[in-house]
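Chains as they are written, first to last, in my numbering: chain U, 13 to 210; chain Y, 200 to 429.
Simulated from the structure, these hints should not be mistaken for lab results. Do not rely on the hints blindly, as some may be mistaken.
Stated by the list, open to error - Stretches of chain Y that chain U covers, calculated by requiring three or more beta carbons in the stretch to come under 8 Å of a beta carbon on chain U: (1) 206 to 212; (2) 229 to 242; (3) 380 to 391.
Quick caveat: nothing in here was measured; it's all calculated off a predicted structure. Glycine residues also receive a C-beta, built at the ideal position from the N, C-alpha and C atoms.
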Amino acid sequence: MSTPDVVSRDKAAAGLVDVGLIGRIAAGDAEALGELYDRYGRVVFGVLYRMLGSPEVAEEVTQDAFHSVWRQAGSYRPERGAVRTWLLAIGRNAAIDWRRTRGKRTEREAVIDEAAELFEELRVEDRVLASLRAERIRAAVGTLPVEQRQVLALAFWGGLSQSEIAERTGTPLGTVKSRVRLGMTKLRERLAGEAEQA
Amino acid sequence: MTDHPRDDLAAYALGTLDTAEQRMVGAHLDSCATCREELDALEEAAWALAETAAAPAPARLRERIVSRERAPRGRLGALFGGLRAPVPLAIPLALALALIVALVGLGSARRDADTYTRAVAAVVGARLVALSDTGEAPGARGTLVVPVDPGASAPYLILELPSAPAGHAWEAWVVRGDRAIPAGLVEDRAGVLTVALTEAPAAGDQVAVTLERSGGASQPTTRPVLAGRV
Numbered sequence: 013m014s015t016p017d018v019v020s021r022d023k024a025a026a027g028l029v030d031v032g033l034i035g036r037i038a039a040g041d042a043e044a045l046g047e048l049y050d051r052y053g054r055v056v057f058g059v060l061y062r063m064l065g066s067p068e069v070a071e072e073v074t075q076d077a078f079h080s081v082w083r084q085a086g087s088y089r090p091e092r093g094a095v096r097t098w099l100l101a102i103g104r105n106a107a108i109d110w111r112r113t114r115g116k117r118t119e120r121e122a123v124i125d126e127a128a129e130l131f132e133e134l135r136v137e138d139r140v141l142a143s144l145r146a147e148r149i150r151a152a153v154g155t156l157p158v159e160q161r162q163v164l165a166l167a168f169w170g171g172l173s174q175s176e177i178a179e180r181t182g183t184p185l186g187t188v189k190s191r192v193r194l195g196m197t198k199l200r201e202r203l204a205g206e207a208e209q210a
Numbered sequence: 200m201t202d203h204p205r206d207d208l209a210a211y212a213l214g215t216l217d218t219a220e221q222r223m224v225g226a227h228l229d230s231c232a233t234c235r236e237e238l239d240a241l242e243e244a245a246w247a248l249a250e251t252a253a254a255p256a257p258a259r260l261r262e263r264i265v266s267r268e269r270a271p272r273g274r275l276g277a278l279f280g281g282l283r284a285p286v287p288l289a290i291p292l293a294l295a296l297a298l299i300v301a302l303v304g305l306g307s308a309r310r311d312a313d314t315y316t317r318a319v320a321a322v323v324g325a326r327l328v329a330l331s332d333t334g335e336a337p338g339a340r341g342t343l344v345v346p347v348d349p350g351a352s353a354p355y356l357i358l359e360l361p362s363a364p365a366g367h368a369w370e371a372w373v374v375r376g377d378r379a380i381p382a383g384l385v386e387d388r389a390g391v392l393t394v395a396l397t398e399a400p401a402a403g404d405q406v407a408v409t410l411e412r413s414g415g416a417s418q419p420t421t422r423p424v425l426a427g428r429v
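Excised from the complex, chain U in its bound form:
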């Protein structure tokens, strides 16, 4: 049985452990980097796999991302976000860099085009992940209006900036920004509702 209060306490405790790991990494402790990988490697690798479409490339870029964590740990600022958010941003930037510098244009475009449909496909695809939580998250995303799902997918899986999404979809930048915000706010509310019912 999980209550919101317990979820919040667990999250806070996990955040403290993460900050401690970053402190050790900044001090030159490679094993701490391994522990950070144990906590979040599956998610980082999975996101990069989905963004880049190849397990071999995702493996290479995940390694690059953790190397960046090693080099940048001293500049991590807890007041600017959780460690896992910081890690995810580093991973996504590494993927975007890889795509821009080494990915073939045709492959890059194909992955971005697929990304626009990814959330919808995931709603009906129940084989990829058996986890109940993943299903609940996908169901929550599936209840968002289509234009919000589209901008979230292009931003998150497609790796496009908000300006790039505006250009690609012919939508004003302000509208794109509002859709990202509304989509994320609704998703947050729905997931919080899920946690209360769990």
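Let chain U serve as the given structure and place chain Y on it in line with the hints.
Chain Y alone, transformed into the frame defined by chain U:
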């Protein structure tokens, strides 16, 4: 305070802002508790999206990531001014569990703890020495972290510092007898941060932080803003 970057906060949580926008939102977060709270909630949603993609990586990947950083210790040491080669620092399991239990037990009070306090509270497997604020830089705080196992990772400082004036940097010192040994430089960074010490302080040494010209000095030229004895 500037206007709250409400629209960009969600994109920030998703990690989809470009570098300049990211920096702008980051700077706002330094001083805005309201947006930090909002970000906390949005980060949950962003991480939830990421979790839907979680997939097992090849088993070799972990070892590749860790061994890549173990190997170039010598070069890294030179880069950062002589970090000694650390051996793995294992957190004693019982200590780690005790920390988590204690933190959960603190309940909501802990959520109010500030970033610096949280960073210090998260340290395990090490001895902490609080540095005193000398009044030279109001709000400056510092803690020396010395791993319990002296052969483990290098000692480091957790610091909270204001921005150094243009052309200046914060410099850490180990003061042994009447000799001050440069031990680390903080350039272009402010707020809560960590800096690995390039000189390990011994019992009886003092550790101090001063404001110096960018690039560092060979001897302190200003009064310490923080100081403590090991």
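Results for each hint:
no. : hint       : verdict
1   : 206 to 212 : holds (count 7)
2   : 229 to 242 : holds (count 7)
3   : 380 to 391 : holds (count 3)
Checked against the numbered hints above, the structure breaks none of them.
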